[in-house]
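Colleague: Each residue of the sequence shown is one higher than the last, beginning at 1 in the working numbering.
Treat each hint with caution, since some may be false.
Pairs of lysine-lysine residues, derived as DSS-like cross-links and limited to a Cα-Cα distance of at most 25 Å, are as follows [to be verified]: (1) 284 to 168; (2) 640 to 556; (3) 56 to 168.
Think of the hints as simulated: they come from the structure by calculation, not from any bench. All of these numbers come straight from a predicted model, not from anything done at the bench.
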Amino acid sequence: MFEQADTGYVVCSRQNLPQSTGNPAIQLGAFSPVHSFSTDGYQFFGTEYKITGEAKALQAPQLANEKYQYEMGYVALQSAPTTLAIGHTHHVTFYGVVTAHCPESNVSAPQSIDAIRALHTAGEIDWATATLLPALAQPKAQPVVGVPLTDEEVTTFFGDERRFDEHKDGELLSFFYGDSQYVTLQAKEKYLERATGHVIASGNNTDYRNPIMSATHHMFGVFNSQLTLGNTSFNKLLGVCRNALNQYTHSGQRIWIREGETYRPLGMPSAYEVGTNYSRWIYKYREGYVIVCAFSSAEHPVIQLDIQRQGIDGDIEIAVSHQLIFGNNEQESGITVAQGANGFIVTGENGLISERASDLYFSIMPCAALSTHELITHSETGAVEYLVLKGQLSDKATISMGGQLNGVNTEGMTLDFATETQQAYQNQQALMKGFNVHFSNDEENSQKLNETLHWFTHNALVHYSTPHGLEQYSGAAWGTRDVSQGPFELFMSMQQFDRAEALIHEIYRHQYIETGTWPQWFMFDQYATIQQEESHGDIVVWPLKAVADFITMTGKVEILATPLPYTSIDGQFAFTTETYTLFEHIQRQLQHIHDNLVPGTSLSCYGDGDWDDTLQPANQSLRENMVSGWTIPLTLQALKTLGRALETHNDYCAFSRELFTLAENMEQDYHHYLIKDDVIAGFIHFDRDADGEVQGIEHLLHPSDTKTGISYRLLPASRSIISETFTPEMAKQHMALIKAHLVHPDGVRLMDRMAEYKAGKQTYFKRAELAANLGREVGLQYCHAHIRFIEALCKLGDAQAVYENLYKILPVGIQSAVPNAEVRQSNAYFSSSDAKFNDRNIAYDRFEDVKAGKVAVKGGWRIYSSGPGIYINQLVANVLGVRFDNTDLVLDPIVARELGTVTLNFELDKRPITLVIEPEQGEYTPKSLMLNGNPVPFVLTANRYRTGGACINAAWLSKALQDGDNTLVVKL
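Model the full structure from these sequences, guided by the hints.
Modeller: Shown next, in the form of structure tokens:
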């Protein structure tokens, strides 16, 4: 932003990430004085726009005059006020000048206004009318906004029970009730930049191979959007909601109420409720209510919309519009809508779908009340864009959406709301093994975990089977790193070992035969050839770790004999016709690790990055000569775990020794190179001369690092503890460093300082130095990493710190754990906690205020993440300490004394059990076990940093467990 004497404010923007043509830039200004400016849509429209439909900026005397780098780039300029005499006119000419390439990292000065004037040619004035404007710019009917509910009405709809009820300025905002249903009232939405939403899926979503129907809901009247059958990018029936303020009221499925000659869309409701597989919108309207439910089948790929009238005199004339896609994007396919015996059949001309999912079609079946329909076509191409169903709402109207994929046909199937929602909840409870925890001294926080486990299980299944989120609506793919963690750990913690094994099979089918490594991400259905070939240096390790953990827990070594194809890069990412055993795949994988060691060492090169996507290397030298302090202990953990799992099996003894040899050499170099002055470096860089000889070693993100100014990086330290690569003394020392420098009120941060933003100048890392928005990993508090920090605390047995950090990233009642947390959706995992700074420069200068809790923090992107599955595993396997070792049960809880007695209802070996944990002598390591009143024999597991957990023989336990209820008392 520049302020000039003659023309006022000028706003300049530059594309920091280089494109094929360079870094384009744009300058926006006016030939006459600009009085004020704003840079983001939230400044201009405001969060209340979702409710009022009125832009905040148009109610104020001037714009914000602040640079705000959020997620809705929207530059606004306001000319200086002028006084017009009667009969006079005043002209203001705004301009935008695009520069194809701006080589400097910042725009040092605006272009000359005289030079811009010389380029300008005044256009002829063509007075527009409403009929000449594009459809999106034409005047729109104001949405119907529900009247706020009274407290008595809230009780009538949802009952007296309100758990974790949230208030602000005397208003009730949200609460939980019943079977973890979450209710948001209209008042909450005026505070939220991220509007409340939900993702539902048909109940066959515990197996990704099923044809799953999914839809995304938004509180402000998007009843179904991104409705898909199978692939969530390409197999769409309904369009995506592309705006978080409901500025485009035509997207997805919408309901319109006729008032006089005008149809008004239903907008913000009075209340919005979500359950496992449904959303319910309640509109207080006229003298009664309009109630809308969108829900999925608990078994079949079907989604239904129910619309009800309650307490309103007379029928209501309604229309339900459907923005039809049949592909990835709007206007991409030639859509055909045909009437059949069961309503409407929607197909389209789409080459990719014809090639990959040739039997795909959708069905839309309205009830008799919606007997009239209208097709709205594109004015130029004639292609169908909307199907509108019309009729009278006397009592209830329904629309059922099904279709066909892979021979599974649900055309004409209708649903009952009560039956499907109850069954969906029961199905999820079965997957969760009836999980319910209670702390005798802290009932509130134990119930917080119960609500969280319900919703994190839902979120984890979205990530697994219908991958997309509320912000990140594109997806439909598995990140190799992510699927090897979130879904895998979810299923392992819930003893769904067959699901975890199927995941391993699918992951290894996507290993490249030419290189032995994996794509960064890949689609897993009919579109499996769509993937990103290049991958970060750690990607090759994650499938190995998953196999190692699977065999360690289940003892199922025979998985190594499973025949699986490879993916061929040369074969355009198709699967090979020949299959190879999983063991052969792993041998190829190990060869890739050997082949990509930094010359002269046993350390893996950085490649295209590691877990932190913001720290992708800036040049080829860094790719080849840099080493990640996190990837090495991760690799050591995978090598050692698999080596131990195979060392007693004759067929794999030699391979086990090979794993141990590589691990021994790598660990020696780890301590020799990565540790300096007793502190692990975030990275090391081997500086080589023209002949390839090492001239020096640079320790980056380390106390000795004078170039980046960053002294500590979380991931190498936490993973070195988890993998037991540190000595006990080093583990204790580094945990102290983490607590001193990286732990913040809202969670642990990735580094002690941000990478400095120099307006797009790139030195070491890509996104960390290029991104203008302070979000996700750029803001340094990434919840996934915080969960791994909890895992490290469990490894050390630091029960008090576990308890203090367990709740910082939970959306349920977050202000009790993080007082400076802003209001957010309370039932959705947020992937990051973002300090409320307007831009990178302010954040860099005031970063210490975040640690001091002086800055508010906001929730990041929601739902779509491996984080929910990882959190569930940490809670079950490491905090409550229920896991397996070669089919034997391990009990290794880490329980702070202040919690009192911990009671967990769960299942073991498909039999119900109540686990009672009593922290009497200590906060970890069982001293005695009693099952149904009888002593339990056990041995202690190994742990480099503390005494371990109790290991109970599987055969003994299977005989001792009753078919009915069981009680297992663990005294610590």
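Colleague: Can you confirm whether the C-alpha distance between residue 640 and residue 556 stays at or below 25 Å?
Modeller: holds (17 Å)
Colleague: Check the hint pairing residue 56 with residue 168 against an upper bound of 25 Å on the C-alpha distance.
Modeller: OK: residue 56 and residue 168 at ~21 Å, within 25 Å.
Colleague: Hint check: residue 284 vs residue 168, CA-CA at most 25 Å. Holds or violated?
Modeller: Within the cut-off at roughly 22 Å; holds.
In this structure, every one of the numbered hints holds.
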